[in-house]
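Top line first, the protein sequences correspond to chains A and B.
Quick note: the first sequence uses my numbering, first residue 61, plus one each step.
Quick note: the second sequence uses my numbering, first residue 17, plus one each step.
Note that these hints are calculated values from the structure, not bench results.
Given the structure is predicted, the values throughout are model-derived calculations rather than measurements.
Please note that the accuracy of each hint is not assured.
What the hints assert, rightly or not - For lysine-lysine, the following PhoX-like pairs were computed, each having C-alpha atoms within a straight-line distance of at most 20 angstroms: (1) Lys-41(B) / Lys-87(A); (2) Lys-484(A) / Lys-358(A); (3) Lys-41(B) / Lys-326(A); (4) Lys-41(B) / Lys-81(A).
Given next are the chains, with one letter for each unit.
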Amino acid sequence: MSSTIAYIIIGVSVLFIIGIKLLASPKSARIGNLIAAGGMLIALLTLHKPSGDYVWSQGWTFNYTLIAIGTVIGLIIGAVGAYRVKMTAMPQMVALFNGLGGGAAALVATLEFLRGAHSLEGINAFIAGSMLFATLIGSLSFSGSAIAYLKLEGKFEKPHTFPGQNILNGLILLVIIGLCGFLTLNASSGNATMAFIVMFCLALFFGIAMVMPIGGADMPVVISLLNSFTGLAVAADGFAINNLAMVVAGTLVGSSGTLLTLLMCKAMNRPVTNVLFGAFGSSGGAGAAAGAVAGTVKPIQADEAALLLAYAQRVVIVPGYGMAVAQAQHQVRELSEELGKRGVEVQFAIHPVAGRMPGHMNVLLAEANVPYDQLIEMEQINPSMDRVDVCLVIGANDVVNPAAREDKSSPIYGMPIIEADRCKATIVMKRSMAAGFAGIENHLFYKDNTRMLFGDAKASLNALVAAVKAG
Amino acid sequence: MEPNIPNIIFIFVLAIFVGIEVISKVPSMLHTPLMSGTNAIHGIILFGGILVLADAATPLARTLGFVAVVFGSANVFGGFMVTDRMLQMFKKKKK
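Extracted from the complex, chain B is given alone in its bound form:
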């Protein structure tokens, strides 16, 4: 299926502004967890890996696709888990 290029660019441009808008007021103590959390979100590249590996037809494509899936999977799972572990530290508020 041919992608609808103007539509995709439209979504791309809007997403740029949303991304800037949502973090415009963030305290410096949250910079690292935020970096880590968005790091996990780009782990969605795992799906790209799954899609190319599902259709891989040559040994080379299978190898590269497999590596992409391992990398993407480590990015997405590790990313969310390490962020959660960082943020756990913030919840305790003993007086």
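One chain only, chain A, in its complex shape:
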């Protein structure tokens, strides 16, 4: 590697590091993303083969035509996915792109392994180990992300479990590791290719088996974890094909992604092992649902709800996934403006994991032009909840479930919640009495001072806005 290439790679690495650093702060996040993208572009234009040859100055062969076509197809898929998707479906898109990256990492490692295994000199154990690691983690990330994508799309979002599942998964993992060990030491043996294919298939299956038992509500954590896995797979590919830019970028993603996963779990007050192996709701869910629910559900009509709101002094709105699904953020802003005109103090209480991804509600409300000093984080707003006249819960469920505080047998016990049950009155807007994502009953709905406003969030909000205006 000539020193010029080395300097370029150092520069590109610095751009990635600065990019991630800026992404971690709201003011600079967008520019951080662009800086990282700029680093990527420079790396692409200056791409060199491990031998030191500049990739783009080689004779234009059929392979280069394939590269061009493949890149353009990927660009189109990426652009259509990124710009056509609704804001509510963003987490799925991240899962999808992550899975594709994992798949690419696995394929690159596969090709290099098969080529090395068939070459005369063979491959050294370190390189073989890197390739196997990249294949294993990359394919696991590919199939796991696919399942996460489908779960977020609403396909089999409930946890799928059976007795002994963790043991079976553990056995599969042992077989995979055994095969990897064998292949590392015997990469050039006659049955290496066969063992490799078996390993690849098992890794794909393991990705599915790992994500299937996890409930849809935990998908952001899973995607974050798989994201860091893909990063590590890319770094291992970088080892294998001796590309330092890939090593640096992949490792940065791997380590920051791991930390991010832990931070997300911390926001839900659950250890990461509980998310991955807890099989949410397998026993606790049934127990909680069976737990006697005291009180009855008291419905309310929009006119009456509007009166409550209009004559309140302080209103707190708790948005959840229901608001995102109904695309009701603009109506929410309209309602808060109308109330504001009447002198009502309106705030939004944002739970860190409301919606399907952290920050989901912030993004949607910002899109609807809600000033972001009205958005209050959970920790800041909870101490003053008993001084709130009306708490309006829009399509949120588990994040306001008092069972997290009161019911030790509940699967969400210990998760910090927005304490809507402590307000003087609570109005819950909901489509039906169906359970939330965690699949458990919500005692808030049965409290004496809770009223249920049933219906589509958008329609209900329009009715509320009209009633407040008229009143």
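Since chain A is already given, all that's left is putting chain B on it; use the hints.
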């Protein structure tokens, strides 16, 4: 060219610490954009795809390499674009 293994491991270890250090203080509202942005960065696997496809010699290698390039390209371009679209929502600050 034989890779210089100790050097690569040295870089790997340092990068682990840098990765942890740069995001140690991140507000929860940025968790998703950050996940999405780092997701785009591992799209650098596109280069791995380009490198193996450039030297592919068999139809099988060309096919797999081609798929890797499509996947990697979607990861890197889609990743940066979807992150930018998410972050666009944060910039408006009307009072």
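These are the hints, each one checked on the structure:
1. Lys-41(B) / Lys-87(A): 14 angstroms, holds
2. Lys-484(A) / Lys-358(A): 15 angstroms, holds
3. Lys-41(B) / Lys-326(A): 13 angstroms, holds
4. Lys-41(B) / Lys-81(A): 10 angstroms, holds
Checked against the numbered hints above, the structure breaks none of them.
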